[in-house]
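These are the residues of each chain, in order.
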Amino acid sequence: MTPLSEHTRWPAHAVDDYGRDPHLVAALSPLARLRWNVHVTGAGNIPSNTGALLVCNSRRFSLSAVYAALALTDTTGRTVRFVGRPDIAPLGPLMRRVGALLAHPADVLGALRAGELVLIAAAGTSHARHAGAVPHELVGQAVIAQVPVLPVTTLSSSFGRTAHVAVGMPVTTRRARKGPLAHVELAEQVQHQLQRMLDAIGDEA
Amino acid sequence: MGSELGSLVAVKLEAQPWVGSLVGLDSDPPRRRLRKAEFHLLKPAERERIVEVVTAFNPHVLINISVWEPDARAGLRDARSFTSDAAVAIIGAAAECPALESVVLRSGIEVYGRGRGTPTRPDETAPLHPTSEFGKMLLGLEQQTAVLAARAGLAIGTLRLAPVLGKHVPSPLGRLLRQPVVPYSALADSPFAVVQDGDAADAFVAAAARRLNEPLNLVAPGAITTLQAALRGHRIPLPLFGPGWGLAGRLSNMFGAPIPDHVIEVMHRGRLADGSRAIEVLGSTPANSTAQVIDHLYAWESVVRVGSVSQAVA
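For the protein sequence lines, the chains are A and L, in the order given. The first sequence begins at 18 in the numbering used here and counts up by one. The second sequence begins at -16 in the numbering used here and counts up by one.
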């Protein structure tokens, strides 16, 4: 049976399983490109068809998770969902339409188990090259879902358009823990790795 | 067996080689021609008679689809009492049957509720905090069945369905979406998922065949918002803010499409669920995506002209 909407000029849009609207994202992408000119490196480290948790550093008010998710979606061709939408209208529903999830462990776990790429941000800092604390309750969901955790550094200027996103290698913990300590140690390890990557950028600069 | 979903399940069960005999109960007659099934027209309150029929039949599997969604076939008060009466009588009677091995129960994803901070796509392990009358009814039904089944040592499989839509399914959500003017939340317009009646019926048959012993979410792939659904169906979308909903509710009620609180909740807060476990356990994905179910809903012609009787005879 031919869908009713194919016979008409009315838009026949729908959203995906999480409420992300690809048409809206496509419409907003030129605006995002107007604001940020993002250079992505290391995208090859992202799995091509399985789930992964990406963790980025975040300078306060820089919207680094948003531009990193949009840039990585463009580069990899896979939808990268970012965490941190408020659960209140109208901002929450709008952010959901562009791919945001709640900062809720169950939301993150469900997406990772479904093979999605999920980007979370470390705690915001006032300095662009400082990695804040990584939320272990969210990183722990990657341990439960048995998916890799990848550090992602973001650098942008408050007024300029240029932004950099670099994806690192998957982070593993030194000790094999079974309990919740594994989550905390993995979060600490990711924070250290992010800081190392940010320091390396500083050296190169 | 008198509802559209019940009749569909009965037709599909009749075609199964593992089904020897089939008995159905409902307060409405079946909506399809049944060849093997024996049907009893009984009201939910006729407990003695229900017990007599069920115990005499002594089934191996019981499928309880007797859930009255508020403002679908009955108003809230009746829906609540019919659902509860039917559950007590049917499950209670079935627990007396020595041959019974498992119970498959119809529930809904409304049991998860849509309070602030609840997961966007709850899976079966998510806490049950219903925030609508229908959700509370379904949770009560699940709990009631669990208690009775635990006493009798029965396996319970629960299918938590997304809102069921179909051409002939009496659904308050379907009715609202088919109105010429469809209200939607201007501030939220949250996404929801649905499931086609035929896909839900297939899931009940698969669950009965596998003697399902756990809750499963049954949700069609994808999601849609009310605005998108209205546009797909060429309806006039009407954006509403807070107080506008009261007026829209009264007007909609006047035009024969009351909007119960669980449908309002769908429009404001959305209703999604993770259906991956059902695919894993039942071995099949719902054939129709949410967008397709919505298209089918609008493809249903309001009036089907088949010509006069004399022309047909000639």
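Don't take each hint at face value.
Ranges between beta-carbon positions, derived for each pair [unchecked claim]:
(1) L/A135 / A/G94: 48 to 58 Å
(2) A/R146 / L/V164: 53 to 63 Å
(3) L/D11 / A/R194: 33 to 43 Å
(4) L/D244 / A/A44: 55 to 65 Å
Here are some chain A residues pointing at chain L (derived, C-beta under 7 Å) [stated by the list, open to error]:
(5) H30
(6) A31
(7) P39
(8) D91
(9) G101
(10) P103
(11) A106
(12) P107
(13) M112
(14) L119
(15) H121
(16) A123
(17) G127
(18) E205
Worth flagging that the hints you see were computed from the coordinates, not collected in a lab. All values derive from a computational prediction rather than experimental measurement. Cβ coordinates follow ideal geometry from the N, Cα and C atoms, glycine included.
Each hint, compared with the structure:
{"no.": "1", "hint": "L/A135 / A/G94: 48 to 58 Å", "verdict": "holds, 53 Å"}
{"no.": "2", "hint": "A/R146 / L/V164: 53 to 63 Å", "verdict": "holds, 55 Å"}
{"no.": "3", "hint": "L/D11 / A/R194: 33 to 43 Å", "verdict": "violated, 58 Å"}
{"no.": "4", "hint": "L/D244 / A/A44: 55 to 65 Å", "verdict": "violated, 33 Å"}
{"no.": "5", "hint": "H30", "verdict": "holds, 5 Å"}
{"no.": "6", "hint": "A31", "verdict": "holds, 4 Å"}
{"no.": "7", "hint": "P39", "verdict": "violated, 11 Å"}
{"no.": "8", "hint": "D91", "verdict": "violated, 22 Å"}
{"no.": "9", "hint": "G101", "verdict": "violated, 13 Å"}
{"no.": "10", "hint": "P103", "verdict": "violated, 10 Å"}
{"no.": "11", "hint": "A106", "verdict": "holds, 4 Å"}
{"no.": "12", "hint": "P107", "verdict": "holds, 4 Å"}
{"no.": "13", "hint": "M112", "verdict": "violated, 11 Å"}
{"no.": "14", "hint": "L119", "verdict": "holds, 6 Å"}
{"no.": "15", "hint": "H121", "verdict": "holds, 6 Å"}
{"no.": "16", "hint": "A123", "verdict": "holds, 4 Å"}
{"no.": "17", "hint": "G127", "verdict": "holds, 5 Å"}
{"no.": "18", "hint": "E205", "verdict": "violated, 26 Å"}
The earlier numbered hints that this structure contradicts are 3, 4, 7, 8, 9, 10, 13 and 18.
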